[in-house]
Amino acid sequence: MSELEGTIRQAKEALSENNAKKALKILKPFKSSLKKENADNVILNEVFADAYLDNGQVEKAYPILARACELDPEGQIGGPDKFFTMGQIMGGQDGVSIITRGIMNISNIGETLTNDHVEKIVGGLLSMIEIWMTDLCMEPNAEEQCEELIQKAMELTEGKSPETWSTLGSIKISQQKFGEAYEAFSQAWNFFDLKKQEIGSGINGNGDATQRTSLQSEYVDLLQPLLSLTKMCLEVGAYEVALKVIAAVRDIDEDNIEGYYLEGFTYYLMSKLEIFKLKNPEVSLRPENIYEFNQLIQEVPLDLSHELISQFIYDSRLALSFALQAGANADSKDEIVQELLGGATALLQEIGGPLDPRELSQIRKGELVNENEDLEELDIEEECSD
72 MSELEGTIRQ
82 AKEALSENNA
92 KKALKILKPF
102 KSSLKKENAD
112 NVILNEVFAD
122 AYLDNGQVEK
132 AYPILARACE
142 LDPEGQIGGP
152 DKFFTMGQIM
162 GGQDGVSIIT
172 RGIMNISNIG
182 ETLTNDHVEK
192 IVGGLLSMIE
202 IWMTDLCMEP
212 NAEEQCEELI
222 QKAMELTEGK
232 SPETWSTLGS
242 IKISQQKFGE
252 AYEAFSQAWN
262 FFDLKKQEIG
272 SGINGNGDAT
282 QRTSLQSEYV
292 DLLQPLLSLT
302 KMCLEVGAYE
312 VALKVIAAVR
322 DIDEDNIEGY
332 YLEGFTYYLM
342 SKLEIFKLKN
352 PEVSLRPENI
362 YEFNQLIQEV
372 PLDLSHELIS
382 QFIYDSRLAL
392 SFALQAGANA
402 DSKDEIVQEL
412 LGGATALLQE
422 IGGPLDPREL
432 SQIRKGELVN
442 ENEDLEELDI
452 EEECSD
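To convert, count from 1 in the sequence shown and add 71; that's our numbering.
Among these hints, one or two may not hold up.
[What the hints assert, rightly or not] Result set (SDA-like, lysine to any residue): computed pairs, CA atoms no more than 20 Å apart in a straight line:
(1) 302 to 190
(2) 99 to 74
(3) 348 to 369
(4) 302 to 205
(5) 315 to 327
(6) 231 to 205
(7) 350 to 362
(8) 267 to 290
(9) 106 to 129
(10) 107 to 91
(11) 99 to 131
(12) 102 to 128
(13) 315 to 386
(14) 348 to 363
(15) 231 to 190
(16) 315 to 234
[Unchecked claim] Each pair of labels, with its calculated beta carbon distance range:
(17) 175 to 87: 53 to 63 Å
(18) 164 to 371: 39 to 49 Å
(19) 245 to 374: 27 to 37 Å
(20) 208 to 378: 28 to 38 Å
(21) 302 to 214: 46 to 56 Å
Hints were generated in silico from the structure; no laboratory data involved.
Beta carbons: idealized from backbone N, C-alpha and C, even for Gly.
Build the full structure now, drawing on both the sequences and the hints.
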């Protein structure tokens, strides 16, 4: 194995461990060679692009990725993934065209497609739908294209892909068919749950270190689609589904700040909804009008002393307090995290403030604390244990 081949292998291992900075450090000795003797090396271009993308440096990844696509137009050397990534970055009609090229490259492999091939094709189809729903949404055939692409994705996956169901729900929201969106998100969760269980079983029952690492990476990769599903569930009032999805997020990453924020926000919405129903008993709430209710949420006043919502309020404060705790040492330059922490702080100001750190500590240790328990009792317990 040459020095270059060894470097590429090590960099790929670092990327599989979600360590882009390590990968870039490994690749650094060959950086200048991309413009010289290794300018035509497809694999080196691809791994550099992947490392930059995973490190959030899209502007550095773009020209390298474009070069890889140019060098390997049929995907015979480095595979089709670069076309899907490039299409997502480019967006617009050009993005759709290059993703289509990636799909065609896979389709031309032969009559028998593996599960991995099908997943890649479906991922490409869903990326194209996203472009049609955003960059190309004003095109007269946008809705028709989305319907055609989602149908293809459903057929290829036999209706068992959680990502496809999530995308279908998103399409239904754009069509203002909120009831159908609700059902699609419920199906998405069912299949995400199965997928999570299968990956988890594979990790626990696999003795091969390489395969186990690959499965662990797949497990972590579930986070973003699950968080996205949670947000879409909230749009149509699928609060119970959202809480199940958030529980799955915590299984994967127990200190996920966005997961805690969304949990707190879900209970906050449930509190508002209960008060709204109490004051408007004549209104029959369905996914269709809950979507409208969400647009007017700030106009619903909360009575924090009302027994009907006391548990929801406590659960919201608990989750949001954990969000602040998890973000205490977060990078102050991370705009997304800071926005989440700001949102958590604002909600807590409305519902009674964060919980006492001692209470959070006891709950973290698995000791149940009733929401009405006097914190003086906690002091007594601590004194007795000294």
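Original post:
For this structure, which hints from the list above don't hold up?
Top reply: 1, 6, 10, 17, 20 and 21
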